[in-house]
Amino acid sequence: MNRKLLWAINLTILLLLAVSVTISYRYLYPAKSIMLSCSSELYDSSDPLNGARHYLLVDIMAKAQQAQINYRYFNLDGTSAGTIRMQGQLNDYDEAANRFDFSVYTKEESLDERLDSRPQHMQYLSYVSSFNLDSKGMHNLSIESLDLDSHRDYAVVLFQPSNTVCGCRLVH
Amino acid sequence: MQLGDCLFDVQKGLLTHQVTQEQWQLPRAEWQVLRILLEHHDQVVPKQVLGAADAEHPPLSDSSVTRAIFMLRSFLGPVDEHLIETVKGKGYRLKLASSSAKKRGLSARYNWIKWQRIDVSTWMKMLIALVVTLIMVLVLGQWLSTVNLETQTTAPFAQQTLTLESGQQVTLSSFATSKTNNTLLIALAERLADDIKHCESTPWRKVFLSLSHDKQVFNITLRGEKLGQSVVRNLKLTDFRQSKAFLTDAWLAEVSLCE
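Chains as they are written, first to last, in full-length UniProt numbering: chain A, 1 to 172; chain B, 1 to 259.
Hints were generated in silico from the structure; no laboratory data involved. It cannot be assumed that every hint is accurate.
[As the list claims (entries may be wrong)] Straight-line Cα separation of at most 25 Å, DMTMM-like style, residue types lysine to aspartate or glutamate; simulated pairs:
#1 B:K206 <-> A:D147
#2 B:K215 <-> A:E41
#3 B:K206 <-> A:E144
#4 B:K215 <-> B:E165
#5 B:K179 <-> A:E144
#6 B:K215 <-> A:E144
#7 B:K197 <-> B:E259
#8 B:K95 <-> B:D42
#9 B:K179 <-> A:D134
#10 B:K179 <-> B:D214
#11 B:K244 <-> A:D44
#12 A:K32 <-> A:E144
#13 B:K95 <-> B:E81
Given the structure is predicted, the values throughout are model-derived calculations rather than measurements.
Using the sequences and the hints given, assemble the complete structure.
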């Protein structure tokens with residue numbers, strides 16, 4: 001094998017390694033960050049006569065590898081009905097699907113002293129996340145953009161595996 | 001003339017190893033010794049005969065003959081060196097009759113030695129080719145997994161476009177994790193579509209619906225415009241009962257989806 005061919009092979013290997021390392025770095029350390037704020041009206045369909053109605057504010061923040069999701073529940077009069085704070089990491093960002101994958105490792109809950117006013121949605125979220133954290137040690141979820149209007153800073157996203165659609169404001 | 005793995009051109013005095021493709025132009029002593037051994041193959045040939053003088057050359061000394069035998073054996077290699085046998089006190093014998101049988105018996109050893117004979121540069125070539133192939137496969141796999149040009153966003157399970165009395169159109173999209181067992185979601189979408197159809201007009205252009213995987217939470221997201229501003233409204237209905245009743249006339253009147 002002549003010397004030129006050997007050099008060509010060496011340079012090719014070097015180039016392939018450089019490309020591979022670059023792709024791996026981008027894959028392992030997605031530079032994408034996200035900050036969403038979503039507000040919702042909550043209704044307890046099983047108790048319509050008592051006007052079981054609450055508001056929910058969800059703040060989602062992910063930067064570098066850190067992720068935080070805060071659920072804040074409010075009564076109609078604006079007083080707090082409880083909060084759930086989840087902390088974890090951003091595992092992946094799928095650019096083709098515009099989807100963020102998270103793993104939540106810790107959760108803090110603070111409840112209103114009057115347990116009867118605890119929103120059903122909060123009970124539901126608390127149960128599902130606790131179940132996953134207790135059994136698997138983590139609560140995995142993904143957020144996928146279904147309808148994005150970056151000019152007006154709005155996005156409709158789909159949470160999985162809960163299969164929840166939600167319209168959110170993009171925060172910069 | 002075939003000698004084990006070697007081909008001997010008697011006329012040119014050229015010995016070629018067919019495995020390594022190595023060629024050896026025999027010096028006079030080796031050429032003469034091998035030629036005479038071939039002429040008397042499978043017979044004992046004394047040193048004096050092997051080193052006899054010819055018309056052009058003087059006789060070879062015993063040590064020259066011994067050295068020529070050594071060189072020939074070296075070139076034949078460990079597999080075929082036995083072809084030239086030393087008969088103590090008498091001379092040498094080139095064994096051609098039994099060589100093929102012995103060669104069969106030595107085939108395993110032969111294969112191993114054949115591998116050993118591949119020189120370092122060949123091993124390097126093979127190693128480089130293997131490394132390059134491996135890296136290319138890894139990079140290609142990684143590239144395919146990261147550079148996917150097809151959009152993989154989740155498609156709605158069902159979608160319908162409603163036309164209101166004013167001619168305004170509203171798109172209603174339902175999202176489900178499975179393509180089966182969506183009876184409740186379909187019924188809820190129909191119920192909601194009936195309600196929106198009765199609106200003369202509405203600020204909402206798109207309606208997104210989903211039912212949680214355990215069918216405990218029904219989510220409605222309305223997307224539209226009011227006074228040139230983008231607006232979103234999220235409604236989440238929770239019902240833990242066995243028989244679900246997410247949408248009622250009273251609730252629809254309360255939330256007033258037309259506004």
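Now for the hints, and whether the structure bears them out:
no.	hint	verdict
1	B:K206 <-> A:D147	holds (10 Å)
2	B:K215 <-> A:E41	holds (18 Å)
3	B:K206 <-> A:E144	holds (17 Å)
4	B:K215 <-> B:E165	violated (33 Å)
5	B:K179 <-> A:E144	holds (19 Å)
6	B:K215 <-> A:E144	holds (20 Å)
7	B:K197 <-> B:E259	holds (13 Å)
8	B:K95 <-> B:D42	holds (5 Å)
9	B:K179 <-> A:D134	violated (30 Å)
10	B:K179 <-> B:D214	holds (15 Å)
11	B:K244 <-> A:D44	holds (11 Å)
12	A:K32 <-> A:E144	holds (14 Å)
13	B:K95 <-> B:E81	holds (10 Å)
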